[in-house]
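Undergrad: Here are the chains, one letter per residue:
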Amino acid sequence: MNGAGIEAGLDATLRAGRHWLAPFGRWTLDELPDLENLVRERALGRRGPTTWDASRIESLDSAGAWLIHRSVAAMRRGGADVDLTGLKPEHETLLHLVADSDRAVEPAVESNLIILVLTRMGRAFDRAMRDGRDLVAFNGAIVATAFGVLIGRSRLRFVPTVVHLEQVGFNALPIAGLISFLIGVVMAYQGASQLQKFGAEIFVVDLVGVSVLREIGILLTAIVVAGRSGSAFTSQIGSMKMQQEIDALRVIGVDPIEALVLPRVAALVLGLPILAVFADIMGLLGGAVMAWGALGITPLQFLERLGEQVGPEQYFIGIAKAPVFAYLIALVGCRNGFNVRGSAASLGRLTTRSVVESIFLVIVLDAAFSVVLSAMNL
Amino acid sequence: MNAPDPGEIVIRLRGLRTQFGAQVIHDGLDLDVRRGEILAIVGGSGTGKSVMLRTMLGLKRPEGGRIEVLGVDITAEQDDETLRRLRRRLGVLFQDGALFGELSVAENVAVPLKEHTALSPETIAAIAALKIAMVGLPANAGPKKPSDLSGGMKKRAGLARSLALDPDILFLDEPTAGLDPIGAAAFDDLIRGLQGTMGLTVVMITHDLDTLHAICDRIAVLAEKKVMLIGPMAKMLASDHPWVREYFHGPRGRAALPETALPEPD
Numbered sequence: 064m065n066g067a068g069i070e071a072g073l074d075a076t077l078r079a080g081r082h083w084l085a086p087f088g089r090w091t092l093d094e095l096p097d098l099e100n101l102v103r104e105r106a107l108g109r110r111g112p113t114t115w116d117a118s119r120i121e122s123l124d125s126a127g128a129w130l131i132h133r134s135v136a137a138m139r140r141g142g143a144d145v146d147l148t149g150l151k152p153e154h155e156t157l158l159h160l161v162a163d164s165d166r167a168v169e170p171a172v173e174s175n176l177i178i179l180v181l182t183r184m185g186r187a188f189d190r191a192m193r194d195g196r197d198l199v200a201f202n203g204a205i206v207a208t209a210f211g212v213l214i215g216r217s218r219l220r221f222v223p224t225v226v227h228l229e230q231v232g233f234n235a236l237p238i239a240g241l242i243s244f245l246i247g248v249v250m251a252y253q254g255a256s257q258l259q260k261f262g263a264e265i266f267v268v269d270l271v272g273v274s275v276l277r278e279i280g281i282l283l284t285a286i287v288v289a290g291r292s293g294s295a296f297t298s299q300i301g302s303m304k305m306q307q308e309i310d311a312l313r314v315i316g317v318d319p320i321e322a323l324v325l326p327r328v329a330a331l332v333l334g335l336p337i338l339a340v341f342a343d344i345m346g347l348l349g350g351a352v353m354a355w356g357a358l359g360i361t362p363l364q365f366l367e368r369l370g371e372q373v374g375p376e377q378y379f380i381g382i383a384k385a386p387v388f389a390y391l392i393a394l395v396g397c398r399n400g401f402n403v404r405g406s407a408a409s410l411g412r413l414t415t416r417s418v419v420e421s422i423f424l425v426i427v428l429d430a431a432f433s434v435v436l437s438a439m440n441l
Numbered sequence: 221m222n223a224p225d226p227g228e229i230v231i232r233l234r235g236l237r238t239q240f241g242a243q244v245i246h247d248g249l250d251l252d253v254r255r256g257e258i259l260a261i262v263g264g265s266g267t268g269k270s271v272m273l274r275t276m277l278g279l280k281r282p283e284g285g286r287i288e289v290l291g292v293d294i295t296a297e298q299d300d301e302t303l304r305r306l307r308r309r310l311g312v313l314f315q316d317g318a319l320f321g322e323l324s325v326a327e328n329v330a331v332p333l334k335e336h337t338a339l340s341p342e343t344i345a346a347i348a349a350l351k352i353a354m355v356g357l358p359a360n361a362g363p364k365k366p367s368d369l370s371g372g373m374k375k376r377a378g379l380a381r382s383l384a385l386d387p388d389i390l391f392l393d394e395p396t397a398g399l400d401p402i403g404a405a406a407f408d409d410l411i412r413g414l415q416g417t418m419g420l421t422v423v424m425i426t427h428d429l430d431t432l433h434a435i436c437d438r439i440a441v442l443a444e445k446k447v448m449l450i451g452p453m454a455k456m457l458a459s460d461h462p463w464v465r466e467y468f469h470g471p472r473g474r475a476a477l478p479e480t481a482l483p484e485p486d
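One line per chain: the protein sequences are A and B, in this order. For the first sequence, my numbering gives the first residue as 64, with consecutive numbering after it. For the second sequence, my numbering gives the first residue as 221, with consecutive numbering after it.
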């Protein structure tokens, strides 16, 4: 099996008691898989004095040099007397560089599955605790600054507040209203098909009224706002953090909480209740339209029944939750913005986390409201 | 890569024309890169150094002209296999390393090897470790994430990845930008050393006058939408074009000159 038709290879012969290994052709990365096999078959098993004759190597790159270096070293470790001759000068310098650079592969960190799982759980728990602590501390900073506004030490910046109010409130009207309207339609329709079995179609009004006013209107609006404004807060503040704009503000002597956080919190706390009122109206409208179309309950009947059976307390309970949810969303969104470090990847990660956390917290808090209110018989 | 023919042209640009919308960046630009040389591209901001680099790499299509890289005309229609073969003979070090943030340094270096060779995972790991050592990184850098590395180490790791396949041509985008003077000088030495041993052709964009003096064989000055001047440092110093004079004889240029090359003050 000699060189004909093969671009690279290794001749092995026995000459005067010495093993004679003659690599030839292109000892490069492309040929390396074949060459590795050749070396294993023809060279590594040999015992006794050996000469590597490199004079027929046409081209050599660092991968080929690495293989020759490794093989020679392995044979020497086996106790054989090995010499390497015939290297062209440029090949020799490359081989020297490779020999100087060759070392054991640094193993990646040991990974035992159980330890890995435990480490992950521990890290996650630790992070959750830290996040909780940081959120409380951040909340304290906001409350302190807000208090400062009351006693005249800080100020609420009017123009940014109005700008944010437009973005988080006014611009969210169509999407919040549409979602609420459609859910009203769906609830009225599903309720009707069940209640018709009992001939109790008129109870659709109670169903839609209570659920929209008390739960669905505010909850859906809060989720929409967490998705579009909580994430926006994180990415706005986060990109300022990345560009060192926050540091610049501090150096100039502007408190970032006062300049960036307070207007956003104020805008959301004002804006979400207004959005919730709008969502309530649209939800009831959706229910009324469906009740009229599917059950023949006229809008007048709907309104009458609504006034009799669904008291204003349902509406007030719903609206009372709005500022609390708003504060939570703004808190989480701004806090995560300040946590952004360096890379764009961290900005993306925290924006996602901001949405997930704020929706989660909104729903948890809504459940807590339900428990407390039912304990109070409301 | 052995016994390089010194006259061989590895990159040939003819009548290159690039533009963004109505804004013409290059017009009728010609450039030859010779095998085995270190060629630096200099020019003011907005003269299209990076655009030219991206065009030579095939990342941007030129609006006109021909580009031949290692004998392949990348401006003509080429099948994917040809381009793939060509790509694996080119190595690129982007400005901040462009390391994949999710992978460790060793995994970053292994990516080209996994994509382009049929080697066993052990051999790939060994070659990756070899390349990491060749660029002067400590052995424990392999398992680290790029975010744990300093700027200089990131550049070295990026260099290791660009050398993974033993390329014929190495492209460097501002290799010493952001390094302290000692780190920059060490990086220059590293590039010069590797270029000699591995028989690389190096094309770099740089603003570092020390680099230009220390390791570049030829310098191409981009101005007025073409290569206005090309040649060794002596030719740059002798030129009387105002921008070239300002660049190489300005206060920074003067500071970077070796003592012996310092011209008489005028």
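FYI, nobody ran anything at the bench for these hints, they're computed from the structure. In this text, all values refer to a predicted model and were calculated from it rather than measured experimentally. Do not take every clue at face value.
What the hints assert, rightly or not - Sample of chain B residues at the chain A side, in silico, Cβ under 10 angstroms: (1) G321; (2) L339; (3) A346; (4) I347; (5) A361; (6) S367; (7) G371; (8) M373; (9) G398.
Every residue gets a Cβ at the ideal spot worked out from N, C-alpha and C, and that includes glycine.
Undergrad: Report the numbers of all earlier hints that the structure fails to satisfy, in ascending order.
TA: 7, 8, 9
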